[in-house]
Structure formats: structure tokens, C-alpha cells
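Trainee: Chain F: place on chain S using the hints.
In order, the protein sequence lines correspond to chains S and F. Under my numbering, residues 1081 to 1357 are what the first sequence spells out, in order. Under my numbering, residues 14 to 144 are what the second sequence spells out, in order.
Everything labelled a hint here was simulated from the structure, so no lab data went into it. Quantities reported herein were computed from a predicted structural model and do not represent experimental measurements. Every residue gets a Cβ at the ideal spot worked out from N, C-alpha and C, and that includes glycine. One or more hints might be untrue.
[As the list claims (entries may be wrong)] Each pair of labels, with its calculated beta carbon distance range: (1) F:96 <-> S:1143: 51 to 57 Å; (2) S:1247 <-> F:114: 47 to 53 Å; (3) S:1216 <-> F:112: 58 to 64 Å; (4) F:53 <-> S:1353: 50 to 56 Å.
[To be verified] Covered by chain F, according to a simulated footprint, are these stretches of chain S (three or more residues, beta-carbon under 8 Å): (5) 1115–1127; (6) 1131–1138; (7) 1257–1264.
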Amino acid sequence: MIRERVGRAALRAYPSESRAARGEEVLGTLLDAGEHSRAGFGRETGSVLLAGLRERAALTASVGSRRLIADACPQAIAILVLWLLRNGLLAASENSTLHARSIVALIVLGVLLACAVVGYDRIAGGGGFVLTAGIVLFASPHAPMLTRSVTLAITLVPMACFAVMALAPRMRPPNPRRLLWLAPAAALAAIMPNSYSGGLAFLAVISLAALARLPTDPRLALACGLAWATLALTQVTLAASLQHAAASVWIATTAGTAVMLITAATRLHRMHHAPRT
Amino acid sequence: MRERSSLDASLTISRLSIYARVVELRPPSYFALAALIDGPLHGYAIVRRAAELSDGRVRLSTGTLYALLERALAESLVIAGEPYVEGGRQRRDYTLTPAGRAMLAREAAQLAHAARIVSSRLPATPGVVVA
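Looking at chain S on its own, in the form it has when it is part of the complex:
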């Protein structure tokens, strides 16, 4: 009975369609093949777990590298918007003089994020592209920190992601229930310390989750790489133009960018060259 439960848990590594089609049959063979010894059962269970993960990876790879990269863009936008909303709310709670334009921009970004999560990628992508392009074009010349180059550094990656969302949207039927996915991410953003490093910790936790998911799906890792790249570009530009950024921050964000982008790209490449049995 315990073995059956363990076997069923291992079967969860398979994609749900495969599990429904032949899960019971695989379980029967697993129980037969592993009935003679505990070590044998352990080996068989491990093989089922690995085969399930491989099948998941093959299913992910079957959509093609271009689609996977395009899919990472809305995920990167979701991470960045949550990060911005978190920082915006923190700034609002600490400093009541948050610029009205910033508040409007944050509300619009929140609405665009909701659109993308529900399934309206093209609307979110188009709207986000116009918004970020507007921020670059009409950057306040009086803001001490937001020089043209810093504004461009902040918006460059998001603008590219919004453009990809508008041009290559995920073709999925709209479903408002997907908004529930934002709840754990928003909760994570909320419990992090009230500082810039708290924001980095938020991104680091999501990156760890993305690395755990990497064997079967590199999209979240790629999205994290893009999010880190946005922060790194901003920090490096700040350091170069205003000597404002702390060295530890730009080093951390640059390292985060390199780790996530290199691991995601390596996995993406390997998924398309899986060995034969």
C-alpha cells in the first residue's frame, strides 16, 4: 500500500495527459518490477521519476526554442511589474510625495499585468510598449536620478518584452482564474524586507524556484534572467553616470543576470539535443 502511494507520487512527474493515458499501467509494471527488494523498488521508482521529467522536458521542447523565449517575456514582465509595484507601495508608505505620474504608471502596469495573466497578451504587450516608450520620450528632465540614459536602461528590456508579447502572444483562451497565480508571488513580495535588498531577495527566491524547475522548463529561468538584466542595466548605468549605485548591488544583479541567462540558455540547448534510449 505504501509502495503504491510512493509509485503514484513518482507518476506525478509525468505530464497530466500521459498520466491519464497510461499512469495505471506504468504503476502496475513498477510494482511488479520492484516487488522483490526495497532497493529494486527504489531503482524502479527513480526510473519512473526520471522518465516522467524527461517526458515533461520533451513536451516543453516540442513547442520550439522561439516560442519558449517568447513565452519567457510575459513572465519577465510579471516579475518586474510585481517588483515595481512592491517598491512603489513601499515608497508610497514611506514618502507621501510619490509623484502622481508614477502612481498612474504603477496602476496602469498593474492593469496590464492582470491582462497578460488572464490571457490578453497582445493588449498587455501593446499597452506596455506604448507606456514604456512614453516614459522614455517624456522622462522628466528635472528628476535628479532619472537621466535619459538611466530611464532607457530601466525600460530597455521591458520594452523589448512588451514588443514580443504584442507580436508573438501566447495563444490561450482567456481565463480570469489564472489571476490566482499572482497570489503566492504577491505574498512573497510582501513578506520580503522593506528595502532595495528585500526586492533583490524577492527576485532571488523566484530565481531559486526557476532553477528547481529548470530540468523540465527553462522559461521561468529565462524570465528571471531578463528581470535581473533590467536591474543590472539600471545599476550599471547609475554607477557609470552618477556614481550612485553601490558596487555590491550592481555586482549582485550582473551575477544574477549571468547565472540565470547562461543556465536557461544551456538547458534550452540541451533540451533540443536529448539523448536516445
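Mentor: Same frame as chain S, but now just chain F:
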């Protein structure tokens, strides 16, 4: 000189193509399909039969078995029967298709050819004596 290098290149290509054809099916897939020559079998029976046929050298794990059966189904080398319950376990019998038989025959011929090349040359040459 140019002739020599083009000869080397053609030999390399020919060796590679022979090698690629020989390993078209790796041992797990080869013996799993070979297990079905005598008739349809369910998953665990394939595992046991493959071990018998290979003198215990191929021990198919459950995960490997279903991965290669899935590919064989996709390539129409086998067909799967309807699921049934036997001894409290859900089973499904797999049958080798004519395409699967043809592929096994081709594979066996290539392996035999590759084996002949080596076995005919080994006795004819003295080899290098290592001091």
C-alpha cells in the same frame, strides 16, 4: 596528396554511416522490440523477456521501458491493445507491427554484417605485440 585526403574523407564518411546504421536501435530498444517477436506481451513481460534474450545484460527499468514503447508507438513499430486488469494490475499488450519486424530484421542483418567484418579480420592479422 589530394587523392589521399579525399580517400580518407570518404572512408571516414563510410565508417560513420556504417556506425550510425549499426546503432540505429540501442540495446534496450533492440531487445524490447525483439521480446515481441513471438507474440504480444504486456510491459512487465517485455522486461523479463528482454532480460532472457540478452542473457541478463539488458535490464529494462520501468521508466526506460515506457519511454521507448512510447517512441515505438509513435513510429508505428508496435501497436498497443486495450487495457485490462490481471492480478490487480492494469496491463496492456504490445504487438510488433510489420514495420517493426522489418526494422528488427534490418537491424539484425546490420549487426551480423558488422560482427562478420571484425571476426573475419581478427584471425587474419597478427596484431601488435605489446612488450
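Trainee: Check, residue by residue, whether the segment 1257–1264 of chain S contains three or more positions whose beta-carbon lies closer than 8 Å to a beta-carbon of chain F, and give the verdict.
Mentor: It is violated: at least three residues are needed, and the segment 1257–1264 of chain S offers just 0 whose Cβ sits closer than 8 Å to chain F.
Trainee: Against the range 51 to 57 Å, how does the distance between the Cβ atoms of residue 96 of chain F and residue 1143 of chain S compare: consistent or not?
Mentor: violated, 29 Å
Trainee: Given that the segment 1131–1138 of chain S was listed as covered by chain F, double-check it with a C-beta distance under 8 Å for 3 or more residues.
Mentor: holds (count 4)
Trainee: Starting from the range 50 to 56 Å, see whether the pair residue 53 of chain F and residue 1353 of chain S falls in it by beta-carbon distance.
Mentor: violated, 34 Å
Trainee: Would you say the C-beta atoms of residue 1216 of chain S and residue 112 of chain F sit inside 58 to 64 Å of each other?
Mentor: holds, 59 Å
Trainee: Please test the hint of 47 to 53 Å on the beta carbon pair from residue 1247 of chain S and residue 114 of chain F.
Mentor: holds, 49 Å
Trainee: Tell me if chain F covers the segment 1115–1127 of chain S under the three-residue, 8 Å CB rule, please?
Mentor: Three-residue rule met by the segment 1115–1127 of chain S, so holds; n is 4.
This entry does not satisfy hints 1, 4 and 7, going by the numbered hints stated previously.
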